Structures are given as structure tokens and as C-alpha cells.
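One line per chain: the protein sequences are A and B, in this order. The numbering of the first sequence is my numbering, which starts it at 1 and goes up by one. The numbering of the second sequence is my numbering, which starts it at 1001 and goes up by one.
A hint or two may mislead.
Below, a list of computed lysine-lysine pairs in the DSBU-like style, where the Cα atoms sit at most 35 Å apart [unchecked claim]:
id, chain 1, residue 1, chain 2, residue 2
1, A, Lys50, B, Lys1144
2, B, Lys1144, A, Lys90
3, A, Lys19, B, Lys1116
4, B, Lys1116, B, Lys1135
5, B, Lys1189, B, Lys1069
6, B, Lys1069, A, Lys90
7, A, Lys19, B, Lys1135
8, A, Lys19, B, Lys1144
9, B, Lys1135, B, Lys1185
10, A, Lys50, B, Lys1189
11, B, Lys1189, B, Lys1135
12, A, Lys19, B, Lys1185
13, A, Lys19, A, Lys90
14, B, Lys1116, A, Lys90
15, B, Lys1069, A, Lys50
16, A, Lys50, B, Lys1185
17, A, Lys19, B, Lys1069
18, B, Lys1069, A, Lys254
Reference listing, derived: stretches of chain B covered by chain A, where coverage requires no fewer than 3 residues with Cβ under 8 Å from a Cβ of chain A [what the hints assert, rightly or not]:
id, stretch
19, 1027-1036
20, 1055-1063
21, 1291-1297
What the hints contain is simulated information worked out from the structure, not anything from laboratory work. Nothing here was measured: the structure is a model prediction, and the numbers come from that model. Cβ atoms here follow ideal geometry from the backbone N, Cα and C, with glycine treated the same way.
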Amino acid sequence: MDSVLQPLRAYEHWLAQYKRVWRGTIGTSLVNPVLYLTALGVGLGTLVDKTQNPPGGVPYLDFIAPGLLAAAAMQTAATESSWPVMGAIKWTRTYHAMIATPLTERDAFLGHQLFVLTRVLVSAAAYLAIIAAFGTVSSWLGLLVVPVAVLIGTAFSMPIAAIAATLEDERGFVTIFRFLIVPMFLFSGSFFPVEQLPLAFELVAYVTPIWHGVELCRMLTLGDVELVAALGHVAYLLTWTIVGFELARRAYRKRLLG
Amino acid sequence: MGENGSMIHARGLVKRFGDLVAVDGIDLDVRPGEAFGFLGPNGAGKSSTMRMIGCVSPVSGGTLRILGKDPASDGPQIRARLGVVPQQDTLDFELTVRENVLIYGRYFGLSRRELKPRIDELLDFVQLTERAGDKVEPLSGGMKRRLTIARSLVNDPDLLLLDEPTTGLDPQARHVVWDRLFRLKQRGKTFVVTTHYMDEAEQLCDRLVVMDHGAIVAEGSPWQLIQRYSTREVVEVRFENERPPNGVFDGAAERVEELPDRVLLYTRDGDATASAVGELGLPPHSTLIRRSTLEDVFLHLTGRTLVD
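Chain A with its partners taken away, still in its complex shape:
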């Protein structure tokens, strides 16, 4: 029982903090999708749709909408699991306060991850509402992008929390975002099919968790699900989640219990 309740008590801490800023973050979660969809989907999309061979054989707006949603889930998860995790270890020492009580380092980790995933869930739901309003969701299966966004979230937040709990200072995050997260955002199938990339890069794209997330979201919003491929994507994202979970659990233990 405690193994369920205790992470929830740690989660309460993050919610109490979030209570002060949630309006701003919800605003961002609504405004960003509108900007991206208007500029790229509607603006650039008008040009793309004039070509013989539009990507995915659908209007460009419909093509990028699920890709943007998946990429946003990745970015929220990565951001919320990097600086805040290091902060709770080094700056605010929130985790140290928690583990002085009956809570364990595992509870501190799980409670924080619950909060990260709450943020991913809320922003994905907002994103879905916006892309639906733009008329890009052609199936009820589209509702499943919300749990899929959470799965994309865990595939990133768990390994990044492991890294954040290991790093000595925040410079590492700049490297992670510049050389991993931003390239994944740009080149992993959100904006154009990865088959357009040179072969070596195309193969790299298949290894990234985000490509699997983008494909999955696109199948769902377009209502065109290939079951075997979809299950493969889910399994791949789960693998990153499970490996990341185990690494993070160990990193927290090593860092907090000296």
C-alpha cells in the first residue's frame, strides 16, 4: 500500500508548486500549437499541397499535426525531467527533504515522474483539442494520442531523469538539447518522411524513440492503423521507458544515499 501512497505524497509537493504557475503553462500549451499549425500547416502547407506527391498522401496540415503533438510531448518530458531533477538534488534539495521522512528515494523519483507525466498529459490533451479544431483528426482513434503522448513522455523522461541524477552540473543539458532533442524534433518524421534523409540518417531516425511516437500518433489521427507496426512502436517506447526507469532508480539511489 505504501509503495503506491508514498509516491503520491511526493507528487503532492510538485502539485503544490504547480498551483502557482499552471495558468501560464496552460496558456503556452494552447498558444504554441496554434502558432505551429498556422505557420507550417496552413502557411507552408499551401505550397506543399501543390506538389504532385504530398508526404503521406494527405494534406500537409494533417501530416504534421500529429508529428507536432508527439514532438511537444518529447520536449515537455525532456525539459521537466532535466533541470527540475537536478534542482531537486542540488539547488532546492527537495529530494533530501523527502528522504528524511518515511519517503524513500524511489518515492521521490516516482512522485516527480508522476508530475512530469501529468504535465505531458495535460499539454497533449490541449494539443489534441487544437489539432482537432484545425480539422486534422479524422478518427475517434485520435483520442488515443493522449496516452501515446504519455508513453512518449516516459520514453524520454525516465532516461533523462537518470542522466540528470548523474550529472554534476547543468552544462550537460545544453548538450543533450542541442545535439539530441532539437535534431530529433527536426529530423524524426514530424515535418517530412524520414525516407527523404540520406540512408545513414534515415537508419538513425528509426532508432530514436520519437520517430516511433510520431508514426504512432499519425496512424491514430489519420485513422489508418497497421496493428503490427503500431504494437512494434508501443513495444519500442516501452523498452526505453523500462530501461530508463531502472537506470534512473539506480542513479537516484547512488546520488541521494551517500
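Add chain B to chain A, keeping to what the hints say.
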């Protein structure tokens, strides 16, 4: 409680970090209702010992029992009955004073309903009632410490652990904190304090151990330690420019410590020693006769001063 009634029971307790031995086989017993202190310079192993007692740092060797339980297997159950005031603040600066205690109480599984009156009482005890709705960030260092103390009491702990509770506070703020801790002591709370201030140890502790290089070098009440390792009085003499040659004071006192900035003469009779120094024909720049403190005990035991 342990078999022998100890709140804390340690035998041959060791903490290693790689090759570094931070705590080198210490024995301890802290009894219920006792105010117990670890006195020692930075790096003596006080905080490492405290972290093991607080069940957030695994024991490397020896035996440790807290409230009769083993931290290796019963960490959460032990921590449920501890109150911890860490060396570095772990307050949430974004939240209010009240919310800080509330959220911390929730970590112990206390309901919001039972927390409400308890928080009022605790904030009153640490004199922060008027700041209950304010954010923590702008509070003074002393107020933050008092809030940390209020928070550590939220679960009505059996054992309170205070790691350097007044380090970094100005003298007035330190006295307010001491006053609150003294009240807890009067109420019969058992607590353990680490400090490198001898006045703090003298003010708060019934009994203390002096630690140096991970080992306990002396144990007793402040008064016992002074009696055993020092003399009743100390004459401190300072010289303006020229230092007198070594050994010149040897006859004037029972023991002589020559420090870079002054010479300490340990004696039963300060006045007699001071006039004996005057007769040596080396007029000091200043002479101070004072009572021995734990600082003198520490100097005698380790050959070093406590605060560099």
C-alpha cells in the same frame, strides 16, 4: 527502544567513501530525554554520522540501532519517528511558510485535517505565526532555520537530529534558535546536535563527544570535559611585535599552548599566573583571564583550534 533502552546504539560504526574513512569505528549510546552533542571541526565525521543515524546513508561497518531498529531494513519506519534539521536548508522557497509545513507533514502520511491545528501550534512555537501566509524566499536566515525546526516537529518525533543548527546565523538569531531548542529539551525531547561552536555545545548538551578524524577522542558532560582536559582558568597573553622565546612561560602555568596570535596559559589561579608573567620582564600587549571552555578541551585533545 533498544534492548538497553538506547535511542541510538552504535558499536564500531564505520562510514567509508571509497578509500576515505569518514567515521572510524565509533561507539555511542544516547538515552531517552538526553540532549547529546557531536563537537568537532569540519570534516571530523559528524555529518556522516548524522546521515547514518538519519537512515539516509548506509552503514559501511559495525552495528547501528535507532529506536531499537536497524536502518538497513527499517529505514522508513525509523524515519517516521525522527525529526531532522539538516545542515543546508531544504525548504521550498516558492511555497508559503504554512504550505512548507503542510507538504512536509503529508510526507508522513498525516491528513490535512490533523495537520491544520498542529501547524498553527508549531508556527506559534517558532514565532512565525505572522508570516504563515508569506513565501519563504524573503525570510531571514534565522526565520528559515526556525521554520525548518517547526517542520521537523510536524510528526511529533521521538528523536530530533540537528546538524549544525545555527551555523551561518547572526548572534541574535542564534540565541532565538537556542531558546527554542532549550524549550524542547525542557519538554523532554531527546535530541542530537552536531556543532563546531563550543558555546552551542555548552548551552544545549547534557553530554557530548568530541570527534576528530572520524573518531571519538573524548566523552562527557561539558563540565566533565573541561575538568578532565583543561584547568579552571586560562590566561591569554598577546604580544605586540616580538614573540618571547619558546618555553619561557613553562614555569608560570600547568600547561602552555603557543598559538600563532597568542599564548594560552592553563592554570588553577589566573591572577597568580598573570602576575608571574608580568615578572618575567616581557610586558604583553594584552592579558585576558577567563574560564576554560570546550575550545580549550578541543585544543588540548587535538592540538588544533575548533574554528579556523
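Cross-check of the supplied hints:
1. A:Lys50 with B:Lys1144: At roughly 64 Å apart (the allowed maximum being 35 Å), Lys1144 of chain B and Lys50 of chain A break the hint.
2. B:Lys1144 with A:Lys90: 18 Å, holds
3. A:Lys19 with B:Lys1116: 19 Å, holds
4. B:Lys1116 with B:Lys1135: 18 Å, holds
5. B:Lys1189 with B:Lys1069: The given pair, whose Cα atoms are some 19 Å apart, holds under the 35 Å limit.
6. B:Lys1069 with A:Lys90: Judged against 35 Å, a Cα distance of about 30 Å means the pair holds.
7. A:Lys19 with B:Lys1135: The given pair, whose Cα atoms are some 14 Å apart, holds under the 35 Å limit.
8. A:Lys19 with B:Lys1144: 22 Å, holds
9. B:Lys1135 with B:Lys1185: 29 Å, holds
10. A:Lys50 with B:Lys1189: 80 Å, violated
11. B:Lys1189 with B:Lys1135: 29 Å, holds
12. A:Lys19 with B:Lys1185: Cα-Cα ~38 Å, so violated.
13. A:Lys19 with A:Lys90: Holds - the C-alpha atoms of Lys90 of chain A and Lys19 of chain A are around 23 Å apart, at most 35 Å.
14. B:Lys1116 with A:Lys90: Distance of about 30 Å is within 35 Å: holds.
15. B:Lys1069 with A:Lys50: This hinted pair is violated, its Cα atoms lying about 75 Å apart.
16. A:Lys50 with B:Lys1185: 82 Å, violated
17. A:Lys19 with B:Lys1069: 39 Å, violated
18. B:Lys1069 with A:Lys254: 23 Å, holds
19. 1027-1036: violated (count 0)
20. 1055-1063: Since three or more residues must qualify, the claim that chain A covers the stretch 1055-1063 of chain B holds, with 3 doing so at under 8 Å.
21. 1291-1297: violated (count 0)
Hints 1, 10, 12, 15, 16, 17, 19, 21, counting from the list given before, are not met by this structure.
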